[in-house]
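*Asks:* Given these sequences and hints, build the entire structure.
Number of protein chains: 4
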Amino acid sequence: MNMSNTGKIRIAILGASGYTGSELLRILLRHPNASLNALTAEKNAGQAVAAVLPHFAFETLPDLIKIDAVDWKNVDLAFCCLPHGTTQEVIAAIPKNVKVIDLSADFRLTSLEGYATWYGHAHRAVELQKEAVYGLTEINRAKIKQARLVANPGCYPTSAQLPLIPLLKAKLISADDIVIDSKSGITGAGRDLKQGNLYAEASEGIHAYGIAQHRHAPEIEQGLTEAVGKAVKTTFTPHLMPMNRGILSTIYVKLSPGKTADDLRAELEKTYSGERFVKILRTGAPATRFVRGTNDCVIGVYADRVEGRAIIISAIDNLVKGASGQAVQNMNAMYGWPEATGLEALALFP
Amino acid sequence: MNMSNTGKIRIAILGASGYTGSELLRILLRHPNASLNALTAEKNAGQAVAAVLPHFAFETLPDLIKIDAVDWKNVDLAFCCLPHGTTQEVIAAIPKNVKVIDLSADFRLTSLEGYATWYGHAHRAVELQKEAVYGLTEINRAKIKQARLVANPGCYPTSAQLPLIPLLKAKLISADDIVIDSKSGITGAGRDLKQGNLYAEASEGIHAYGIAQHRHAPEIEQGLTEAVGKAVKTTFTPHLMPMNRGILSTIYVKLSPGKTADDLRAELEKTYSGERFVKILRTGAPATRFVRGTNDCVIGVYADRVEGRAIIISAIDNLVKGASGQAVQNMNAMYGWPEATGLEALALFP
Amino acid sequence: MNMSNTGKIRIAILGASGYTGSELLRILLRHPNASLNALTAEKNAGQAVAAVLPHFAFETLPDLIKIDAVDWKNVDLAFCCLPHGTTQEVIAAIPKNVKVIDLSADFRLTSLEGYATWYGHAHRAVELQKEAVYGLTEINRAKIKQARLVANPGCYPTSAQLPLIPLLKAKLISADDIVIDSKSGITGAGRDLKQGNLYAEASEGIHAYGIAQHRHAPEIEQGLTEAVGKAVKTTFTPHLMPMNRGILSTIYVKLSPGKTADDLRAELEKTYSGERFVKILRTGAPATRFVRGTNDCVIGVYADRVEGRAIIISAIDNLVKGASGQAVQNMNAMYGWPEATGLEALALFP
Amino acid sequence: MNMSNTGKIRIAILGASGYTGSELLRILLRHPNASLNALTAEKNAGQAVAAVLPHFAFETLPDLIKIDAVDWKNVDLAFCCLPHGTTQEVIAAIPKNVKVIDLSADFRLTSLEGYATWYGHAHRAVELQKEAVYGLTEINRAKIKQARLVANPGCYPTSAQLPLIPLLKAKLISADDIVIDSKSGITGAGRDLKQGNLYAEASEGIHAYGIAQHRHAPEIEQGLTEAVGKAVKTTFTPHLMPMNRGILSTIYVKLSPGKTADDLRAELEKTYSGERFVKILRTGAPATRFVRGTNDCVIGVYADRVEGRAIIISAIDNLVKGASGQAVQNMNAMYGWPEATGLEALALFP
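Protein chains in written order, with the numbering used here: chain A, 47 to 396; chain B, 47 to 396; chain C, 47 to 396; chain D, 47 to 396.
No lab work stands behind these hints: they were computed from the structure. Among the hints, erroneous ones may be present.
Said to hold, decoys possible - Short, incomplete list of chain C residues facing chain A, as computed with Cβ under 10 Å:
#: 1; residue: Leu239
#: 2; residue: Leu244
#: 3; residue: Ser249
#: 4; residue: Met289
#: 5; residue: Asn290
#: 6; residue: Arg291
Unchecked claim - Below, a list of computed lysine-lysine pairs in the DSBU-like style, where the Cα atoms sit at most 30 Å apart:
#: 7; chain 1: D; residue 1: Lys300; chain 2: D; residue 2: Lys176
#: 8; chain 1: D; residue 1: Lys276; chain 2: C; residue 2: Lys305
#: 9; chain 1: C; residue 1: Lys305; chain 2: D; residue 2: Lys300
Unchecked claim - Residues from chain A shown here face chain C by an in silico Cβ test under 7 Å; the list is partial:
#: 10; residue: Thr233
#: 11; residue: Gly236
#: 12; residue: Leu244
#: 13; residue: Ala248
No residue lacks a Cβ here, since even glycine has one placed at the ideal position from N, Cα and C.
*Replies:* Below is the structure:
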């Protein structure tokens with residue numbers, strides 16, 4: 047382990063001025079093993095962090111710099127919070143002794159054709175794409191511990207795969223006819239200046255977007271396909287709704303013959319019994335407000351009135367378990383620290 | 047037509063202090079053919095309307111009275127906005143020459159067994175239940191025009207039945223495997239004092255409720271069953287989310303062999319071509335914010351990536367097309383007035 | 047009156063794609079004397095209105111064009127909803143037979159020095175500035191009826207001047223020591239893409255802005271100065287808070303010797319007794335939610351515990367009485383129509 | 047120090063099911079020196095905490111009991127989160143060796159007449175009232191360290207007194223003519239079932255309440271009076287607005303002759319230079335969203351345009367520094383632990 051002489055990992059955050067960068071700062075500033083050595087933001091380079099994130103005004107942090115100005119000799123681990131598409135070349139240029147956890151979508155799809163189809167161009171860092179490990183911690187922990195480059199999962203895929211992968215592996219549900227209806231808070235759309243993200247546009251309403259075209263669909267299906275061993279195609283509809291944080295995924299599945307919703311719940315309880323962050327409800331329904339600010343994924347399973355069908359609901363905070371929290375969980379795994387380090391805060395409710 | 051000498055229908059609103067009552071006041075105070083003669087509210091009887099609905103402080107309205115105090119000789123039509131279960135006996139006691147539009151669920155289910163099963167007791171006004179006409183205006187207009195007692199549809203059923211009934215009638219989709227995932231604003235839960243409806247509980251979150259048990263499921267299925275000619279069972283999950291008004295229903299269907307999403311859209315366009323309030327989108331996705339305060343139901347149809355499947359999305363304002371607006375539309379139909387009378391306001395966006 | 051042969055005024059809206067433009071469309075599409083002949087939006091020229099304002103998708107409207115493309119021969123009246131600073135030259139180029147109601151700040155200040163000081167450059171249409179009539183309808187009605195160019199008041203100034211001008215004129219309060227603490231919904235910040243207007247930034251919080259520097263201060267003071275006959279300077283602090291519409295101004299004043307809060311209320315009742323849109327409360331407190339979507343200004347007056355002081359609170363919808371509604375009210379006054387024409391909708395609550 | 051053999055303080059929370067109780071749980075479950083031994087909730091006694099606060103479903107906590115069932119032999123410290131008025135008798139019955147931090151208003155006013163006037167009845171625990179120490183930590187720390195009974199300050203008084211007390215002590219501002227205009231999130235109104243706290247009532251609007259009559263006025267004035275040495279009376283108007291957490295107080299003051307806003311800021315910086323939780327801004331304006339979930343009070347000072355006047359703005363999270371966080375800070379002070387223990391979380395933004 048290559049650390050600074052404070053005994054802490056020296057960290058760079060590339061793209062520190064957006065919401066996932068900000069959330070990493072929130073978590074890492076209180077992480078006992080983290081030292082924040084470099085923070086980049088191309089447009090705001092030269093400014094203090096507080097100029098773009100005023101709630102850090104009274105914390106000790108380095109000023110924002112350009113990526114080009116990062117001194118990689120003083121960095122052990124980089125979190126990469128850059129836009130999709132631009133990330134692969136940036137990461138390719140990082141010295142190989144630096145570990146990388148990438149929060150973009152650039153390294154999530156293992157299929158080169160899949161990437162090209164969904165992102166509209168050939169991948170520009172093919173070797174890295176082969177090397178990258180998909181960072182769904184509870185499912186992929188062993189590989190993550192050995193990885194140099196972790197592709198941190200998307201928010202929707204995290205909420206969908208955590209319940210579905212164990213159930214598909216155990217052959218308790220059909221791989222056909224899976225409907226995933228997801229509702230996301232606005233931070234899922236990032237901090238970019240888009241009209242649809244304005245308060246007056248986003249408040250007091252809900253709408254679906256990316257219908258049958260969202261790039262998280264192939265990511266979800268990649269995980270399910272691996273679990274089943276044959277190609278899985280799902281129906282996935284994301285919705286944008288007025289809350290800051292949270293994803294609720296309501297998932298409609300067909301039970302395998304003779305199986306019940308109780309069997310599903312039992313399987314999930316078994317799978318996640320030793321896990322700190324995946325929690326299976328026995329009563330009540332998951333609500334995003336009760337995971338706000340936490341790294342939890344809360345899951346409920348319900349029998350449908352239609353025979354042979356069940357409803358699964360999962361709730362996460364899209365910025366934590368759906369992004370920066372899981373990234374820190376992966377860092378903890380990579381360094382052999384307890385996975386909950388820095389992630390122990392309870393939900394901020396109300 | 048039995049009118050007052052002002053040439054206006056004399057109206058009573060039973061239960062005027064809740065949200066559907068308030069919304070009737072908002073619409074009817076500007077309706078050219080309506081005279082508000084009696085407003086009831088058991089707990090607030092004796093008070094001015096403004097004591098419970100301050101935005102009417104500067105309108106001329108009768109004070110709130112108890113139902114017992116209504117002088118039925120001066121009433122042509124009663125809108126009934128009372129809680130489920132208590133309504134049937136109240137309506138049974140209204141003189142037979144008074145027309146009634148009931149916004150509760152008491153007369154919506156035509157099956158006596160269905161009612162008893164879902165509401166936990168035998169119906170207490172069986173003759174009226176037989177007489178009642180289900181008030182989904184666009185579908186049932188002919189009967190509504192002749193009705194004395196109209197059972198105004200529920201909000202979720204309105205949003206689900208308007209797109210599904212024509213498609214099932216035309217055999218374009220399968221009657222099996224219909225998944226209805228609905229998202230409702232908080233006014234759908236009424237003005238009752240329940241902890242879950244508090245701002246600090248309902249804001250910044252979303253959750254499902256009544257999973258596989260909601261009473262609007264049999265109401266939806268009754269309409270679909272009638273359209274198909276055999277029993278239809280659906281998967282229906284309502285969610286509560288932080289907005290005042292609106293329901294978005296995302297509906298997942300299986301196409302009949304050889305049919306496409308375009309066929310579905312064309313059928314809906316044909317069915318609703320002469321309608322003022324049902325609008326089929328050719329581009330974009332329905333959003334509740336764009337029907338806020340209107341009697342519109344906006345519908346979009348989309349091909350799914352999964353072969354042989356389509357996604358239908360409908361948006362209404364739950365208090366207008368989902369309740370009081372449709373009730374006024376039904377009144378207009380019953381009296382032979384243009385159906386849009388009093389309902390012409392455009393969406394209040396933002 | 048130069049009308050089209052439909053007997054309606056032919057209207058152009060310059061800058062139809064923002065919130066005040068959108069609100070004019072909402073009102074004027076249902077106004078019996080209005081015909082919308084030209085709608086401009088520089089960036090979106092060539093598109094249908096529904097491309098930027100989807101709730102008008104099913105209305106008949108001309109496509110968006112550039113200002114240069116307006117055929118002024120077919121326009122009787124132009125509403126100008128352009129950004130401050132750019133408006134003066136646009137209006138200077140409009141043929142003189144076309145009436146203009148300007149919703150920007152360009153013609154509100156009568157003092158050339160005042161304009162130059164607060165806006166950072168000399169006025170570029172000095173003759174027009176002299177001619178412009180300040181459009182606070184209830185106060186300035188006589189002049190508005192004769193005007194060719196009306197400078198529609200700002201939202202904050204409307205909320206502050208309506209209560210303060212009559213009280214200052216009647217010498218019931220001191221012209222010194224007036225504190226105006228205003229809280230505005232987000233639409234007050236316009237539809238521009240600014241980070242602070244994003245949902246995730248603006249929700250769940252409140253902050254003051256433009257402290258002691260907001261350009262509405264001199265506009266407020268101009269009206270008060272006119273009422274008193276000598277220079278008035280006020281303390282004015284605007285705040286931005288998470289609601290779409292509404293301004294609440296809490297105003298702290300010193301009573302003239304011997305005067306009481308009741309005297310203030312009586313004076314306001316007298317002043318506004320014949321007015322349709324200014325409403326003085328006798329009990330309770332104004333709330334923005336109860337004027338949502340209306341052209342009302344609701345005012346309450348309260349005795350302070352500190353002797354010799356009173357608190358005045360006013361509530362308006364910033365997009366209606368604070369902008370487009372008052373603009374239509376002014377149009378009605380200019381053409382001699384009943385002032386409430388097209389403005390009769392009740393509050394959309396909840 | 048009387049501790050359990052785990053080396054932790056054994057804590058009871060009386061009234062654990064409301065928002066301040068819930069917030070204490072959130073903080074204390076992660077506090078290294080706290081053991082939660084007894085949680086009371088009269089109406090929900092016998093239930094698990096998760097029945098009323100689902101976000102604690104996966105934490106180890108004792109079930110809710112009635113106050114009568116608390117075994118005081120196993121309690122070192124009680125936090126009291128009961129309604130005003132009922133608290134004094136409950137606390138009087140607690141064994142004298144148990145320390146008490148009371149979050150109600152019952153022991154905040156030192157004047158017996160003051161209490162009787164504002165609360166409508168004579169105090170029922172006069173000896174305790176004399177003993178109680180007002181728990182504004184930064185101002186009263188020395189006494190708090192010695193106290194058995196701490197009266198935790200109200201949320202509005204915390205936000206107003208922290209900036210005003212040092213400025214009055216230093217004679218930089220006049221004690222006359224102080225206007226405090228405060229805006230509070232909805233949790234400030236508690237978890238009680240009141241119509242005004244429903245989402246559909248409280249969202250999308252703002253209103254003032256308790257105008258010139260709010261019980262926090264005498265509490266604010268008590269602290270200011272003590273600072274000045276003579277009776278101070280203020281103008282105080284609280285407003286309720288749609289956010290879960292936060293109070294922003296905009297305070298209008300008259301400068302002492304020759305003093306400037308910069309003098310005020312310098313004095314506050316000096317006073318609070320060693321403090322962890324009171325932060326003085328040099329640029330920008332305080333916003334409640336940037337203190338969400340923290341124990342911070344952020345203060346800004348601004349010159350007014352009106353000569354001789356200044357504007358002070360403070361922001362707190364009403365549930366943390368305005369209630370449970372300050373209570374834990376007081377606990378830390380009473381036991382000699384670092385005051386930030388358990389209170390180090392950064393703001394949860396967005």
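*Asks:* For every hint, state whether the structure bears it out.
*Replies:* Do the hints match the structure? See the list:
1. With a cut of 10 Å, the hint placing C/Leu239 at the interface with chain A holds, because the nearest CB-to-CB distance is about 4 Å.
2. Because the closest C-beta pair between C/Leu244 and chain A is about 5 Å apart, less than 10 Å, the hint holds.
3. Because the closest C-beta pair between C/Ser249 and chain A is about 6 Å apart, less than 10 Å, the hint holds.
4. Using the Cβ-Cβ criterion of 10 Å, the hint placing C/Met289 at the interface with chain A is satisfied: the shortest such distance is roughly 8 Å.
5. A cut of 10 Å between beta carbons decides the hint on C/Asn290: the least distance to chain A is about 5 Å, and the hint holds.
6. At about 9 Å, the closest approach between the beta carbon of C/Arg291 and any beta carbon in chain A falls short of 10 Å, and the interface hint on this residue holds.
7. Our distance criterion of 30 Å between C-alpha atoms is broken by D/Lys300 and D/Lys176, whose separation comes to about 34 Å.
8. Annotation: proposed proximity of D/Lys276 to C/Lys305 holds, straight-line Cα distance about 27 Å (limit 30 Å).
9. At roughly 23 Å between alpha-carbon atoms, C/Lys305 and D/Lys300 fall within 30 Å of each other, so this suggested pair holds.
10. About 5 Å separates the beta-carbon of A/Thr233 from the nearest beta-carbon of chain C, less than 7 Å, and the hint is met.
11. Checking A/Gly236 against chain C: minimum C-beta separation of about 9 Å lies over 7 Å; hint violated.
12. Among the interface hints, the one on A/Leu244 holds; its C-beta lies about 5 Å from the nearest C-beta in chain C, closer than the 7 Å criterion.
13. Checking A/Ala248 against chain C by beta carbon gives a least distance of about 4 Å; that is within 7 Å, so the hint holds.
In summary, the numbered hints that this structure violates are 7, 11.
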